[in-house]
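Protein sequences, first through last, are from chains A and B.
Quick note: the first sequence uses the working numbering, first residue 1, plus one each step.
Quick note: the second sequence uses the working numbering, first residue 1, plus one each step.
Be aware that a few hints might be false.
[To be verified] Interface residues of chain B toward chain A, partial, derived using beta-carbon atoms under 7 Å:
hint, residue
1, 31
2, 34
3, 272
4, 277
5, 279
6, 284
7, 285
8, 289
9, 292
10, 311
11, 314
12, 315
13, 318
14, 319
Read the hints as simulated data drawn from the structure, not as lab findings.
Yeah, the Cβ is synthetic: ideal placement off N, Cα and C, and Gly gets one too.
2 protein chains.
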Amino acid sequence: MTNALRVSPRELARLISGLERGDAEAQQRIFALYRQPPRAHMIGVTGAPGCGKSTLIAALTRVWRRQGSTVAILSVDPSSPFTGGAILGDRIRMGELSQDPGVFIRSMASRGAQGGVAQAAADAAIALDAAGFERIVIETVGAGQSDISIVHLADTVVVVEAPGLGDDIQAIKAGMLEIADVLVVNKADRPEAEAAFSTLAAALELGEAVTGHHGPAGVAGRISMPPAHHRSADGWRVPLLKVSALRAEGVEAVAQAIALHQRWQAAHPERAQERAAQALREHLQSMLLRAALDRIGEQQFNAWALRCAARELHPAEAAAQLLASVVKEGDCA
Amino acid sequence: MTNALRVSPRELARLISGLERGDAEAQQRIFALYRQPPRAHMIGVTGAPGCGKSTLIAALTRVWRRQGSTVAILSVDPSSPFTGGAILGDRIRMGELSQDPGVFIRSMASRGAQGGVAQAAADAAIALDAAGFERIVIETVGAGQSDISIVHLADTVVVVEAPGLGDDIQAIKAGMLEIADVLVVNKADRPEAEAAFSTLAAALELGEAVTGHHGPAGVAGRISMPPAHHRSADGWRVPLLKVSALRAEGVEAVAQAIALHQRWQAAHPERAQERAAQALREHLQSMLLRAALDRIGEQQFNAWALRCAARELHPAEAAAQLLASVVKEGDCA
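Required output: the full structure, derived from the provided sequences and hints.
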């Protein structure tokens, strides 16, 4: 890497702030950095509030630091202790990591515009890669579709579940299992963990949970391999792991499963291609809307919105008519 | 309402299924129905998995049924018992409601496309209004931006919080408080409820929680009125209520707060106008992307996506170049 393509720690913070603001100069810098082959492993970690994602990320970071890897944590979860919005206990738990120069911790502001924070986070990850971080963790709250779009940025997606979040563990399952590359039941120290584990194992069509061979024996670190048909799209078998992030039990097995997936996906470029296609679609969409709104003009847009509010026209009809009139008068002038 | 504009129970189910499929005939029917003035009150209910949204909705529905109102529940939450994905206990809790002809319960499938389910739910609500339902509840999981866009459909947004979801109550707060018209702390029977209530009261800049006058005295049903500056945008004061939906304590106070907000917003049409503008923007955006992808063609799109995946071009650069070439060659041919 030439000097011009290396991002210094000092530039890094400035660059990420620029991306959050939508700064053109920061954007140009990212375009240049993007032309380098990616070196870092991008890991998405998601799960419902209260599942212990942040504790797991901190525990994983300690494992990676012991292995000699540098780690960047990018949080787009407003509940994360990394973002500074958390209670004292969490901050203390993170404390020693924030003193380590081999660990970078940053939160991204969640903008109103859909896709906005996902695009900024994707670009921040490019900057972190150019700054030399080897593991880049992108932390999001699991539930909505916006999280799924952030998760599209990652090479490896870790979905964290926990017992005691009520009956709704079913729910998270519904949307989140489909995107998991590694599935973790956290808080294995709690008695209800076994039930959550069984539910997930059943959901993965395992039938009976199988004791795996990647982690230490016993409650934590157990890995089950569902049959390959679970992820027929690309053939990866999603491991199901039980950990207690708080007690640091089973965390090395999660790190190992992540490393296994990293190696696997390096040999399967389809996901990276689909991610690029998705990013292209999202950029097309936001550019198109911006251009259309510019051409329509605020006054005309507001007039049509008022007609919709007055129930003269359904918004889909208004959109179709508005576009037809704009294309006719605009493009060939 | 003329007969042609009345939707029979039989048509209703068919119409909603048509909307989920994106059926053109169903869409035309909605366009016609949209021209009627809305009569129903649209109520969005959102909150994290495990907060007890569904139990609260069931309890509210019982209150409204006792008051003689018909109720439709539209669930876009994959974890909801209304969608059929839930455990037996929940289904039993709902059981008697699903036998009541004055109650309509339907879940909407969550599509991959962003905005897809929100648009379909908006249209389903129009059909439910035309079918004569007086209260239409739209239930979503709280956290992501997609939920916030669904919440844009509602006249009144109820945000449900609960103790015992971990430290992350902070989190939900961050994104969700801004959209709440009525804020509910559920599971008031639990000892930790007081802490959750105080946290939220502080977040609303109440300082000290004030005992209100809308509900019965005591733990449940307490309403606090934060100072008006909390919602400076439109001046509504968000009530904070403590309930135990499971024990049906405090639920009438929630129904009352919702009714108060209904009356308030009828006198403040700005929100309905902003909602129409937002719907118009979203329809413009999805139509623009569809039209652009049609014009670009799959082969050309894939070629550009591959260039992005190969790191020749950042997706934002590719999108800009692709749009420039498409506009040049396409519109004046």
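Here is what the structure says about each hint:
no., hint, verdict
1, 31, "holds (5 Å)"
2, 34, "holds (4 Å)"
3, 272, "holds (5 Å)"
4, 277, "holds (4 Å)"
5, 279, "holds (4 Å)"
6, 284, "holds (5 Å)"
7, 285, "holds (5 Å)"
8, 289, "holds (5 Å)"
9, 292, "holds (6 Å)"
10, 311, "holds (6 Å)"
11, 314, "holds (4 Å)"
12, 315, "holds (4 Å)"
13, 318, "holds (6 Å)"
14, 319, "holds (4 Å)"
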